[in-house]
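From first to last, the protein sequence lines are chains A and B. The letter at position 319 of the first sequence is residue 901 when you use our numbering, and the numbering goes up by one with no holes. The letter at position 233 of the second sequence is residue 235 when you use our numbering, and the numbering goes up by one with no holes.
Derived by calculation from the structure, the hints in this document are not laboratory data. Bear in mind the structure is a predicted one, so any value in this text is a computation, not a measurement. The C-beta atom is built at its ideal place from N, Cα and C for all residues, glycine as well. Any given hint could be a false lead.
[As the list claims (entries may be wrong)] Restraint-style ranges between C-beta atoms, simulated for each label pair:
1) B:P59 with A:Q872: 52 to 60 Å
2) B:D272 with A:F839: 21 to 29 Å
3) A:F839 with B:D60: 25 to 33 Å
4) B:G97 with A:A818: 47 to 55 Å
5) A:Q606 with B:V190: 18 to 26 Å
6) A:D624 with B:K201: 31 to 39 Å
7) A:D865 with B:F229: 49 to 57 Å
8) A:M762 with B:F229: 28 to 36 Å
9) A:T885 with B:V190: 52 to 60 Å
10) B:L96 with A:P814: 25 to 33 Å
11) A:D673 with B:P59: 47 to 55 Å
12) B:G230 with A:N718: 35 to 43 Å
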Amino acid sequence: MFELKEMKPTRFGFGEGLCGLGRQYENVLALGADITSSVSMDFFKKEFPDRFFSFGIAEQNIVGVAAGLALSGKVPFMSTYGVFAALRTTDQIRVSVCYNNVNVKIGGAHVGISVGPDGATHQALEDIAVMRVLPNMTVLSPCDATQTRLATIAAYEQVDGPVYIRFGREAVPNFTPPDMDFRVGKAQVFREGGDCTIVATGHLTWEALKAAEQLQQEGISVRVVNLHTIKPIDEALLIACARETGAIVTAEEHQIFGGMGSAVAEVLAKNYPVPIEFIGMDDSFGESGQPTELMEKYKMTSTHIAMACRKVIKRKSDFKLKI
Amino acid sequence: MESEELENKARKIRIDVIRSLAEAGSGHLGGSLGLADIFTALYFFLLKHDPKNPVWPDRDRLILSIGHVAPVYYASLAHAGYFPVEELLTLRKLGSRLQGHPGRDHGLPGIELSAGSLGQGLSVAVGMALAGKIDQKNYLVCSVHGDGELQEGSIWEAAMSASHHKLDNLIAIVDRNKVQIDGPTSDVMEIEPLADKWKSFGWQVFQCNGNSTPDFISTFQEARKTFGKPSVIIAKTQMGKGILEIEGDYRWHGKAPSKEEAKKFIALLDRQGFSQEN
Ligand SMILES: [Mg+2]
Numbered sequence: 583m584f585e586l587k588e589m590k591p592t593r594f595g596f597g598e599g600l601c602g603l604g605r606q607y608e609n610v611l612a613l614g615a616d617i618t619s620s621v622s623m624d625f626f627k628k629e630f631p632d633r634f635f636s637f638g639i640a641e642q643n644i645v646g647v648a649a650g651l652a653l654s655g656k657v658p659f660m661s662t663y664g665v666f667a668a669l670r671t672t673d674q675i676r677v678s679v680c681y682n683n684v685n686v687k688i689g690g691a692h693v694g695i696s697v698g699p700d701g702a703t704h705q706a707l708e709d710i711a712v713m714r715v716l717p718n719m720t721v722l723s724p725c726d727a728t729q730t731r732l733a734t735i736a737a738y739e740q741v742d743g744p745v746y747i748r749f750g751r752e753a754v755p756n757f758t759p760p761d762m763d764f765r766v767g768k769a770q771v772f773r774e775g776g777d778c779t780i781v782a783t784g785h786l787t788w789e790a791l792k793a794a795e796q797l798q799q800e801g802i803s804v805r806v807v808n809l810h811t812i813k814p815i816d817e818a819l820l821i822a823c824a825r826e827t828g829a830i831v832t833a834e835e836h837q838i839f840g841g842m843g844s845a846v847a848e849v850l851a852k853n854y855p856v857p858i859e860f861i862g863m864d865d866s867f868g869e870s871g872q873p874t875e876l877m878e879k880y881k882m883t884s885t886h887i888a889m890a891c892r893k894v895i896k897r898k899s900d901f902k903l904k905i
Numbered sequence: 003m004e005s006e007e008l009e010n011k012a013r014k015i016r017i018d019v020i021r022s023l024a025e026a027g028s029g030h031l032g033g034s035l036g037l038a039d040i041f042t043a044l045y046f047f048l049l050k051h052d053p054k055n056p057v058w059p060d061r062d063r064l065i066l067s068i069g070h071v072a073p074v075y076y077a078s079l080a081h082a083g084y085f086p087v088e089e090l091l092t093l094r095k096l097g098s099r100l101q102g103h104p105g106r107d108h109g110l111p112g113i114e115l116s117a118g119s120l121g122q123g124l125s126v127a128v129g130m131a132l133a134g135k136i137d138q139k140n141y142l143v144c145s146v147h148g149d150g151e152l153q154e155g156s157i158w159e160a161a162m163s164a165s166h167h168k169l170d171n172l173i174a175i176v177d178r179n180k181v182q183i184d185g186p187t188s189d190v191m192e193i194e195p196l197a198d199k200w201k202s203f204g205w206q207v208f209q210c211n212g213n214s215t216p217d218f219i220s221t222f223q224e225a226r227k228t229f230g231k232p233s234v235i236i237a238k239t240q241m242g243k244g245i246l247e248i249e250g251d252y253r254w255h256g257k258a259p260s261k262e263e264a265k266k267f268i269a270l271l272d273r274q275g276f277s278q279e280n
């Protein structure tokens, strides 16, 4: 079902989704924060010059402006690097957007260490944690460019309220079929398996599929779940995976503290505790380097995910022996 | 409303500000009293609005950026007919629609924005004014700011963007009482030369006495005529205006009157009313 079709940055999916929405819905607007071509907003700008507004390098203001537009019936999309979109603006998002519960859509671009040579200042590794803690916020983290397009459309069509959509700069595997269903809050089982479940988000879902393939050679059967919506989280599916496979590995390009893995652990600790291993940034900043070098150095590749699977399966059997 | 009626209305609003704060036992008296004349002029003379239809699409929008002066906002809305005046006594209490800082989620009619974190309201007002331009509506967006609030950097991001987008349907009002919680604004963080700052950000600048309704009204009407750029009214006010013994005293910024003080202050205002009416 999943084949590597091409390498494509997920940000392109955001740009395509935004243009699609622009053609269909008159009230969709885009607010630029100077780096419109980096975040693929320039297609919208070209196609709908009357509905694109430039606000310069002033992210706190853009968020408030977006809230004012949304309070007046518009659906503004703003986007800049995730570090600025989610972190510099956190108080504006908290009060003007989330407390007012308005229809503002925020694109967090160039997230994760895979942004590469720009280094730590530009590598958003805390945005999931900060966005998911805000009441009324929906947090989307699609797995490839195709799904990012669908997530962008869903942010408008399926959610009447604030949405944060996370996507990246680098070309990553584009592998999901374009006609695949995307329901906000509904996680997807991408591969069946019984020995453990990898819950992955963003482009690490592809790495998770690769890890599952490697493990199959060893006779280990691994389920892969693509958790494209981190909030609201699909509790039912996660609980079912814990019950049916007895062990979980989470994988995300984000800090382990407070990220998607933490969200999964919150659900399972309360409902169906099983051993969990976490793949992600281990409480440190990133650095400059090629994306592939960084993913290797900070242990977020399919090899590392496979190692975590072996470990968690061992923990599961030790746990059973003790009982 | 005639100017004397407006003065009398402002006096009644002051009385209700004091009543509600004394009942709440906490909150911000000084700024609320200082802004009573401006709020009266706005809600009883200047703004196009309909208390029977708070979400009328063509209404003028008032954005209160300084959520801490909620008491004068609530008292004005109540007197204008958005909700019963007696509800003012639920201010800051559990389950009340009158939150310590305005919160739309509690359902109080007339509230345009949940706000209280300083420096955010001007951006929201810019968004609303931009929406008005996109939709070719004639409504005005009016935002109310504190002078201390202008120390927030995001205010100046918003100011820059309002003139960039030529939002002449936007009027910002600065409550220039020259004090903030820690003391005189000039000691805490100087914001002068203030008119020059706004001018250099591309705004049309007006100055007036914010405790004189006729002066404020004529200034506002002048500002409304500005073409091609946003306007700011730097309104000189006195914190605690109306109660002589606390006027200008920054210690009343974040304080509510005790029950005894409230009784005394209200009696003073009642006497002013008596002399006004006779
Ligand atoms: Mg002040």
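Against the structure, the hints come out as follows:
The hinted window of 52 to 60 Å between P59 of chain B and Q872 of chain A holds, with their beta carbons roughly 53 Å apart. Taking 21 to 29 Å as the suggested C-beta distance range, the pair D272 of chain B and F839 of chain A does not conform, at roughly 59 Å. Between F839 of chain A and D60 of chain B the CB atoms are about 49 Å apart, so this pair departs from the stated range of 25 to 33 Å. Between G97 of chain B and A818 of chain A, the C-beta spacing of about 33 Å breaks the proposed range 47 to 55 Å.
Checked against the given bound of 18 to 26 Å, the beta carbons of Q606 of chain A and V190 of chain B, roughly 51 Å apart, lie outside it. Taking the beta carbon of each, D624 of chain A and K201 of chain B are about 34 Å apart, inside 31 to 39 Å as hinted. Checking the proposed 49 to 57 Å range against D865 of chain A and F229 of chain B shows it holds: the Cβ atoms sit about 56 Å from each other. Judged by the Cβ atoms, the range 28 to 36 Å given for M762 of chain A and F229 of chain B is violated: they are separated by roughly 52 Å.
Taking 52 to 60 Å as the suggested C-beta distance range, the pair T885 of chain A and V190 of chain B conforms, at roughly 57 Å. In this structure the supplied range 25 to 33 Å holds for L96 of chain B paired with P814 of chain A, their Cβ-Cβ distance being about 28 Å. Checked against the hint of 47 to 55 Å, the pair D673 of chain A and P59 of chain B fails, with Cβ atoms roughly 30 Å apart. Remark: the range hint 35 to 43 Å for G230 of chain B to N718 of chain A is upheld by a beta-carbon distance near 37 Å.
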